[in-house]
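> Residue numbers (this note's numbering), protein chains in the order written: chain A, 1 to 276; chain B, 1 to 452; chain C, 1 to 303.
Possibly wrong hints are sitting among the right ones.
Computed Cβ-Cβ distance ranges for the label pairs, DEER-style [what the hints assert, rightly or not]:
| id | chain 1 | residue 1 | chain 2 | residue 2 | range |
| --- | --- | --- | --- | --- | --- |
| 1 | A | ILE17 | B | ASP271 | 45 to 51 Å |
| 2 | A | LEU134 | C | TRP299 | 45 to 51 Å |
| 3 | C | ARG294 | A | PRO46 | 55 to 61 Å |
| 4 | B | LYS249 | A | GLY135 | 38 to 44 Å |
| 5 | C | LEU147 | A | ILE17 | 20 to 26 Å |
| 6 | A | GLY135 | B | LYS248 | 58 to 64 Å |
| 7 | B | MET150 | A | THR52 | 53 to 59 Å |
| 8 | B | ASP422 | C | ARG105 | 50 to 56 Å |
Some chain A residues well away from chain B (every beta-carbon gap over 10 Å; in silico) [said to hold, decoys possible]:
| id | residue |
| --- | --- |
| 9 | TRP29 |
| 10 | ILE38 |
| 11 | LEU111 |
Simulated from the structure, these hints should not be mistaken for lab results.
For clarity, every value in this text was computed on a predicted model and none was experimentally measured.
Note that the Cβ used here is the ideal one computed from N, Cα and C, for glycine as well.
Letter by letter, the chains look like this.
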Amino acid sequence: MQNRKILNSIILHTVLIIGSIVMLVPFLWMVLTAFKTISESTQMNPFVIFPTQWRTDAFESVMTKMNFGRLYWNTFVLMLGRVFFAVITATLAGYAFGRLRFKGRDLMFSLVIFQMMVPVQIFIIPQYLIVSKLGMLNTSFALIFPGLVTAFGTFLLRQSYMSLPKDLEEAARLDGCNIGQTFLYVMAPLTRSAMVALGIFTALFAFKDLMWPLVVNTEQSTIPLSAALAKIQGQFSANYPELMAASLLAVIPMIIIYLFFQRQFIQGIATSGGKL
Amino acid sequence: MKLKKVMALMLTLVMVLSLAACSGGDNSNEGGTDSGASTDTTDTSSESTDSESSDTSGSSDVALTVAIWDTNQEPGLTQIINDFTEKTGIKAQIQVTPWEQYWTMLEAGATGGSLPDVFWMHSNEIARYSEYEMLLDLTERIKSSDVLDMSKFPQEIIEIYNWEGTTQYAVPKDIDTIGLWYNKTMFDEAGVAYPDDSWTWEDFRAAAEKLTKDDGSQYGLALRPSNNQAGWYNLVYGKNGYIISDDKKSSGFDLPETIEAIDFFASMSKDGLMPPYEVLAENEEHALFEAGKVAMIMQGSWMLAELCNNEYVIENADIAVLPKDAETGRRPSIYNGLGWAASGNTEYPEEAWALIEYMGSEEAQQKQSDLGIVISAYEGTMDNWTGAYPTFNLQAYLDMMDDLVIRPYSKTTVRWENMANDKMIMAWTGDKTAEEVCLEIATEMNALLAEE
Amino acid sequence: MSTRTKVKGTNRARSEFIWGWMFILPTMIGLFVLNIIPIFQTIYQSFFKAGAFGKGNVFVGLDNYRRMFADASVWQALINTFKYAVVEVPFSIAIALVLAVLLNRHMRGRSLYRTIYFLPMVAAPAAVAMVWRWLYNSEFGLLNHLLNTLGFDSVNWISNPNTTFIWIAVVGIWSVIGYNMVLFLAGLQEIPQDYYEAAMIDGASAVKQFFHITIPLISPMMFFVSVTRIIAAMQVFDVIYMMMDRNNPAFFKTQSLVYLFYRYSFVESDRGYGSAIVMLLLLVIMVITVIQIRMQKKWVNYN
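Starting from the given sequences, assemble the full structure and let the hints guide the process.
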């Protein structure tokens, strides 16, 4: 019986380890290639796996050609902007939809649901035209624009509010709070985990957004990481060490943040999925 | 736990800041809002007839945006722009957007009314931009300029950027020719003599055969179907065929000479003298060359910075003129020239013009060649160009200038070009014969041309 | 007394009305401007042929749609997108579910594994696509090198028209497994242990427990994941944009519908046609979602 357990455990871990290797190989390859010379990266006989010398040339070159500080900043602004607006609008609306009763509520909410089912590409051209006519192409505003409100976030927060005990508002009213105060001091703080979840979710998907920044922020001054990476494929064409170095520099900050905040990340994603 | 969070935040902040500090940023001038003391406050340029109509009091506040697509040219052009800034006090900042996204970026700017101030124009797109009047009209300014001498530029290049014979929308910047790159080491190993000006295309093919190894580790040639300007176009004209008629109304793809030329390369692919099509598709020609996979490639002079700075190429390769056609004796090179254009509604028309004028001046054109950036369009400024990379036979590119054919274009070049390139793939893979492909292309191209 | 409550009631109702609308106003305004109206604008746009630079829109009625129906590349792209979804969604769900079950217990290294499997989600798709493209490179890539060392022939991972979509879907699966896994873990934690204990007492094997307890009880979560993942897969763009280009022989049989949309709308400035394509996408997604919702009765267990 004991042996069986150990055997199972070994099999289990073997499978998991193999899976982990598959998950990690691309990252490892990114790292290894970034430190090679161009010749090493394309050499065939013999094939080069580990760089003979760990050169930082690719990194230096890529950092001069691309202003990573700027890219990080732009991405940060994009993420922060979207999180800020998403959380605020969604939490307000989520409370109203979840706890208040007023005429037109259900009709409005059904519009929210409808939007969630529609592929996002439908919005891109009109949104692009709006930004363009406002003359706001290539601005931070443009980046944040599609994320100003979030149907998904509204839905999430509504679920969260709905799961709170019913008597809370009664108690608050007895204490003399109006609706606004009830919301601010009593209800909202209780949905903190949902707000965090929404924040993380929004930040992550803002970071990964490719088509919108590609279309709307083409200048170096405001372009975020994802779109910048897409562009360099044309610029560095076959210089794989540089391509990989740039990719690494692009993913490392998020990975570091993730490693420090994994619990919140995973919790956040689980909550956003679980509540639905 | 809280400490961990704070640490993580600090770490990220530190990283971001340090990267902002130590990264070189854009190599060009920072658009000057912090101008402080500027040398000249007014344009010292010679377009005397235009009064100082710009509302900026001192040009020290002006920062022109300059858009280009070739990252290899950025350092050199920045130097030239620095000279310009020293002379006029007008600052300018280069932004590189790779070719794939350049036109999308430009179009977005044009639609939103915010084009870059100064940017590169190309024969593929000039018609659209001219027709919709997106560009600054340079005709009068050119006429009254003391600095610009349009007669020194190749007439055909000027014509590209001239709309309906009346309006000049761009000033020529450079010309490019096509050359043959070959791997000396591989030639030595196979015992084949280096290409020279006696080579015909038959010699070319024979060499490729000797240079192709059976085990697939080395091939004689890499030429993609999409490489028209630096590739098969040249042989088409070498055989006295053409891609588009002079009146731009009909396609030349159905000419027997054209078909012969295309078949020449397509059969080299089918006969295994080139890497398998999948490899060609996944890797650029110069990448294969730099990796020691192929012995020869045909490249335009704009690829110089890329190739001449590559360690492997420096050690093993050199340049030769293209082979000539045995029958016609012709050795044409397709050539093209970019143009400097300005936005039709730029805030700084005078300053933008000043920059364009300077870039077309003999001084700037000379420097452009000297630095080895590209072959300048201005007559007589290209003598020093060969000195940019002395270990290579750059002279080959200049020798190709004896027989120049302007890159085929029409009002809607991109549409038929993309169509042709897409179809050409099947000739390479052998799915269709070159003749079939060419006839298909001719039919569709004629239909597209009729719509113009 | 009753009038007092009535007055109180209407005051309350009034106040809730005001507060309610105030609170939803930002979101609703945003939704209208950003989403609702654009839907109509896109529909509208699909009946026009856009001129260059946003000028000269010409009304062409159903021409864009006629062109679309006759356009082989559109239908191929639709098929391509289906092929992609058919590979990505089931596999990513199945593998993620198995992983979640394996990790849903107290074991050593559990959070390490969880971290590792979630890591690809955090990396920017552009970077991910670039490194995979390099791994898949038929000439210089690591994968073919490994195959060759083991004595196998090289494979044209991303240049074979018939199979490329599979390997691109693999990249998709790789990225999203962690995400699905986390959702499933959350769902698994809702399942009371008693069920498993009872099953064990009855002598049911782990596999049986999986199929008879786990799957039924986690089916709501599976439903949610499959609906959302299918919708997302139908919108695939990033990986295709980064890993394929026109030169690629597999291009025609791999490009997705959204990729076509991007190309027509933003590269060729044919916004009217692009809008028509998006309409097609919307239709397809809605049909699929409705089918899925109908079918949920068959296999999803709600308590």
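> Under the constraints set out in the numbered hints, which ones does this structure not fulfil?
Violated hints: 6 and 10; rest satisfied.
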